[in-house]
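> Single-letter residue listing:
4 protein chains.
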Amino acid sequence: MIVVMKSGASAKQIASVITRIEEDGYAAHLSEGDHHTIIGVVGESPTPLVEDNYATMDNVDKVVRISEPYKLASRTFHPLDTQVPLNGCKMGSEKVLTIAGPCSVESREQIIEIACAVKEAGATALRGGAFKPRTSPYSFQGHGEEGLKWLAEAREVTGLPIVTELMDPALVDMVTEYADVIQIGARNMQNFTLLNAVGKSQHSVLLKRGMSSTVKDLLMAAEYVLSHGNTRVMLCERGIRTFETATRNTSDINAIPVLKQLTHLPVVFDPSHATGKWEYVESLSLAAVAAGADGLIIEVHPEPDKAMSDGRQSLKPEKFAELVTKVRRVAEAVGRKA
Amino acid sequence: MIVVMKSGASAKQIASVITRIEEDGYAAHLSEGDHHTIIGVVGESPTPLVEDNYATMDNVDKVVRISEPYKLASRTFHPLDTQVPLNGCKMGSEKVLTIAGPCSVESREQIIEIACAVKEAGATALRGGAFKPRTSPYSFQGHGEEGLKWLAEAREVTGLPIVTELMDPALVDMVTEYADVIQIGARNMQNFTLLNAVGKSQHSVLLKRGMSSTVKDLLMAAEYVLSHGNTRVMLCERGIRTFETATRNTSDINAIPVLKQLTHLPVVFDPSHATGKWEYVESLSLAAVAAGADGLIIEVHPEPDKAMSDGRQSLKPEKFAELVTKVRRVAEAVGRKA
Amino acid sequence: MIVVMKSGASAKQIASVITRIEEDGYAAHLSEGDHHTIIGVVGESPTPLVEDNYATMDNVDKVVRISEPYKLASRTFHPLDTQVPLNGCKMGSEKVLTIAGPCSVESREQIIEIACAVKEAGATALRGGAFKPRTSPYSFQGHGEEGLKWLAEAREVTGLPIVTELMDPALVDMVTEYADVIQIGARNMQNFTLLNAVGKSQHSVLLKRGMSSTVKDLLMAAEYVLSHGNTRVMLCERGIRTFETATRNTSDINAIPVLKQLTHLPVVFDPSHATGKWEYVESLSLAAVAAGADGLIIEVHPEPDKAMSDGRQSLKPEKFAELVTKVRRVAEAVGRKA
Amino acid sequence: MIVVMKSGASAKQIASVITRIEEDGYAAHLSEGDHHTIIGVVGESPTPLVEDNYATMDNVDKVVRISEPYKLASRTFHPLDTQVPLNGCKMGSEKVLTIAGPCSVESREQIIEIACAVKEAGATALRGGAFKPRTSPYSFQGHGEEGLKWLAEAREVTGLPIVTELMDPALVDMVTEYADVIQIGARNMQNFTLLNAVGKSQHSVLLKRGMSSTVKDLLMAAEYVLSHGNTRVMLCERGIRTFETATRNTSDINAIPVLKQLTHLPVVFDPSHATGKWEYVESLSLAAVAAGADGLIIEVHPEPDKAMSDGRQSLKPEKFAELVTKVRRVAEAVGRKA
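Residue numbers (the working numbering), protein chains in the order written: chain A, 1 to 338; chain B, 1 to 338; chain C, 1 to 338; chain D, 1 to 338.
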C-alpha cells in the first residue's frame, strides 16, 4: 500500500501516519518529493490494512493499493490453468466447450426435445432454469423442483450434464442433488450468503458476472467460493450495463483476455444475455472464442415466440447447429478445438 | 402494448401478429403508415403479454410497452403518499427524518456511544450493521447475532428504533426479532428470495437501490415486497455506478423527483454511500432534502480512522450535529420540517 | 509519480526504470517490499513525465500519478475563489445567479418576449442559441448571425447580458461581437481548437461538461482556456450519460462539491439538460443550490409545445418565476443570496 | 410516430393532439384501450415531426419514434454494402484491411521506419497523427504541417495511403492535400462544423465513435457527412466509456453486428484505444474480425517506452506482424480474406 500525503501535510501529520503503519505491524518507507510525501507500506502483519482508515487521516491525499485483494483466484499465486471437469471434457482446456438449452425449463417434453437437439448439434452440457430470477413478481418464476426432475430426465436421455441456477441458499442441497453445475446468476454475484453456500457444497459452479460488477468484483466473488476449498469455479462474462440501448447489455469482450491474464479460472461467455437479440448471438460467440474464451453458454429454444422467457435472444436448434460448426472453425484458427 | 412492423412486412406476417394477439385474448388495432404498420394491443386478458414473444416474430421491428409493469408501487393506482411509522414519526410525511449510525456494529460500547450521540443530534433512528456484505471474504463480516443484541441494548438506552441489514433469508426471524426496520442492501436489491422473505415478514423495509439498477428496477423490487401485502416499504437512493471515479458512486438526485412522481412510497437518500467521502456528505444531504427526499440515512463514527468499515465516508458526531441543523433550515426553505 | 513493479521484477528491470527516471531528470526513491518494489519519482525537470512510457517497461505493474495534471485550474495553487463579472454581479460570489432563456433563438419577437419575462422574474443573464449543435443534420440548426442580432436587441431592451454558444472557431470574432459570455457546449468540451480560440479571445466562457467527461477531464478542458491567460471561466455541470433512461441525463450533483474543492472556478448547474423534463427542473435547481452551485442556467419558453428545440425540458415563464423565488429561499438557508 | 396518452387524458386533450398532428400535415389513427389511448401518426408532410413538442402536451405519457432518424446511412434505403477504395483494395469488401502506424508522427525517420515495417507485415494503409487532440494543454500536440509532409514522404517510400486526423475545420484543405483518408477523432464525433467541412471535401473519412455515443449517434454523425454527397465514410468502433477500469475503454463488439445490420457503411475496429493496453490488442483484433469487422486500425511503435503518446497501447512491429498472420486465419475461418 502507498499513502500519498497532500502537499501541505505537516511533519506531525506524516509522523501520525507512520505511527499508525507501525501499530498495524508494517514498516514505512518515506519518499519526500518537492510537493508530495509518499509513504510506502511494506512487510507482513496479521492485522489487515484497511485503506479507508488511512485515507481518512489528516492531510492524506490518497491511498493506493498495490497487491490485488484476491489470492486464491490470482494467477500470480497459481500460474497453471484450472480445468473444471464437464462431461468427460474439461472447461479451461484446449477444447472450447458449449453449454446450451432454454432459458426456462417449461415442460418435460420441451427440455427433453431441446436436450436431444443441442446434444446432436455438439453441446457438452445442458442449461435450463427451474428457479428463475425475474424482474417482475408477476412473471413466470420457474417450475421449481419439478423442473429439476425434468432436467434429470433429460440428462438420463442424452447423457448431458445439467447446468442450472440456484437462488436460495436454503435449496443448495436440493439443487445439487439434480445439477452437475450450479449457476450463480448475475443478480446474485454479490449474494455472499449464496456464495458461501455453494463454496461449502464443493459442487462445480458457473459464476456469472454482475451487470455492473468490475472484473475485480467478479474475482472477489470467486474468492468467496474458493475460500471454502471449492476450486471448481468457472467465470462467466454475460454483458455489462452501459448507456448503449441498441443491445440488452454490452458484451465486455475485453474482460476475456483480462481475466485470462489475472486468473487461472476458466472463462465462459454468454452471448445470449450479452446481446439480448438472437441475430447477434453468432457474431458474438465467434468473437468470444477468437478472444480466448474457454466456453460458451447459449440459449436455444425451438419456438422462441412461445418461450416463457428470453424468447428474443434464443436461437432455434438449427441455427445453433450452424453456430457450433462455425465456432469449431474459429477455434481451430486460434489454435484450439471445439 | 404496441407492435411496430418493419417496413417490408407482408400482409401475412401482419396477420400472424394479429392472430397471436387474439389468441392471447386481446384486441388488435391496426394503423397502416406509408412505411410502417403499427398494431395497438388493447383489452384485458388473463394471459400476460410477453413482449419477447412478439418481438421475435417475423418482420416485427419493435414492441413498445405502454403500461408500467409495477402496480402496487405505482402512484397511478395509489395517489396518496404512503407513510411508514418510525419512532412516533412517519417517513413520507411533512417531516424529514434522519437515520444515523455506524456502518458496522463494532462493540457494545461503540454502538451505545454512537446511539447517544446521534440521538442528541436529532436522529430519528439508529443504523448499524451486524451482518456486513463485504466485497472481500477476508474483510470483517460483522458480529452477527451478538451485534443485533448490542443494537437492542442501544435502543433500550436511547429509545431509537433499529435499522439493520438482512442478507440471509433464513435469518429473517432472527433479524426481525431485534430490528425495527430491515435494510435490504444494494447488492441484494434483486435477491428475489430475500425480497419474498421480507415481504412475508410484514416488517418495515428500507430497500436500497442496486448500484446499476434503474428506477424502474427498484420499483419492481419494491413490487415483490408489496405483493405479499407488506406496504411498509421505504425506497433508498444510494448512488449508482458510472464512469466517474472522483466519488465512490454518482448520486442520482434526479431519481428523487422521478420516484416521487411514479410512486407513493417514501424516498430516503444515503449521501454516505452515494459520495463515499465524508467531506461531500453535507452538500449532498442538503441537495437531497431540497430535491424532495423524505429522509436521510447517514454513517456516523467517532473515530473514522479506526472504523472497521466505511471510515472514509463516516461523519464524526459533531459534524453530524451541524448537518442536522442545516438540514432543518433547508427543509423549512422547501416547506417541510426536520 | 510512483512506479510499482510486478512481484517477479528482476534487479536489472528495476535498474532500467531507475535509469530512465534519471535520464528524464528526476530522482528515484526505492521501497522494497516482500512482494512488490515501489519506486517514487521526485524532483523537478523540464522533461515531462509520460506515464505511458514507464507503464510499458518490462515488469512494471502500474504507474500512479500523484500530482494533478491541471495547475491553473487547481485550488491548490489558487486558493481564492475566482469570480466572473456578469451584469454588475459576480458569478462565484455569495449571490447565486441565474441565466435563463430559450434553447434556440427562434425569432426577434420570441427572444425579446422571453428576455423581458426572465428579467422580470429575476434572471441575471439571457441565454439563447443562434448556432445549434443538433444530433440530426435535418433538425433546425439555428438562425446564425441573424439570431445573434436579435439577442443583441434583446439585451438593448432588457439590459441582460447574452450567453450564447460558439461551435466554429472561425466564428469567434463574430460571436464575441454580440455575446457577453461564450458557451462551449458539452459536445465540444474536448474540441481543443475551439478551446484555444476562446482562450485567446479573453472573453468570458461558460464551459459545459461533456456528457461522458470526468470532473478531471472538465478541469483539463478549462486548463486549455486558462493557459491563454483567460481566467473568466465558469464551469457547468449539465448531467452525464449513464444507464438510467428515466431522465435524459443523470445530474452529477456530487460534482458540485467536488469541483468547489478542486478548483477556484465558479460552478454553474444546468437542470434542464441534466433532467430533460421540465417537471424535474425545479427540484434539481434547488438541489444544486443546496449543494453549493454558484449559478443556474435554465431553459425557458412560453410555448414549449411550439419550441423549435428542447420543448420537453423548457419551463414556462410563470413556472420560472416561481422557481426563482424558491431558489432564493434555499440560497438563504445555506447562507447565500439569490 | 406514436403518441401514448396518460390514463387520465380527457377527450379534449386527445383532440388537441390530433389537431396538432393534422396541423403538422399528418393523419392520426386512434386506438382506445381500457387504460391508455394510443395515437398513431402516419402520412408524409414537409413539416418535420418534433417529438418534444408532442411530449410536452397535456397528459401525453410518451412519444415513440418509429422510423430511424438517419436515412442516407440506413441499410433499409441502401441495402448494398458501400465499399470505400483504399490502396487498390476496398474497405467493406470480402477482404479485411488493416491500417497501422504510430499514434503520433514523431519524426521523419520514425514515420518512414514504421511505414516500412507495417507495409512488410501486410498493412493496407498507414496511420499517424500530425495534429493530436490531447487531454492536457501541456502534452505534445503534434508536429502539424511538418508531420503531414513526413507522412507524404512515407507514402512515397512505401506506397501506403495516409490516414490522419483533422481537428480544425479551417485546415481541411491543408490536411486533404496530404492525407488519403481524414480521420475524425472520438472527441470530435459531434463537432458538426468539422463534419460539415469533411462532408463538403468529398474526401474519404474514417469516423470514430465518441466514447459515450450510442450507435445511433454515430449513424447520425455519419449522416452529416453523407448529407453533403460524400459517401466515402468508414465507421470506427474504438471502445466506449463505462464503469470498468481494468481497460482504458470497453470494446463494444456488439456494435459490429448491430452496425452491419443497420447501415451499409464499412465498419473498422480500433483495438488499441478500445483496450488501452498492448497485451490485449491481439485478442480484440481477432474478436472484431470474427464478429464481422471490415477492417482494423492498430497503433504500432518500435519503442513504446519512448513514444510521445499512447506507448502503453502500441504494438512493436514484430508483434504486429504476428497479429496480421493470425487475423488472416480468423478471417478465413469466417469466410473472408485478409
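Hints are computed from structural coordinates only; laboratory data are not their basis. Among the hints, a few may not be true.
Where chains are identical, the list cannot tell them apart; a pair therefore holds if satisfied intra-copy or between any two copies.
To be verified - Listed below are the simulated DSSO-like cross-link pairs for lysine-lysine, each with C-alpha atoms no more than 27 Å apart in a straight line:
1) K216 - K119
2) K337 - K90
3) K149 - K71
4) K277 - K6
5) K62 - K316
6) K71 - K306
7) K319 - K62
8) K149 - K62
9) K12 - K277
10) K12 - K326
11) K119 - K12
12) K95 - K119
> Which numbered hints are broken by the structure, listed smallest first?
1, 3, 8, 10, 11
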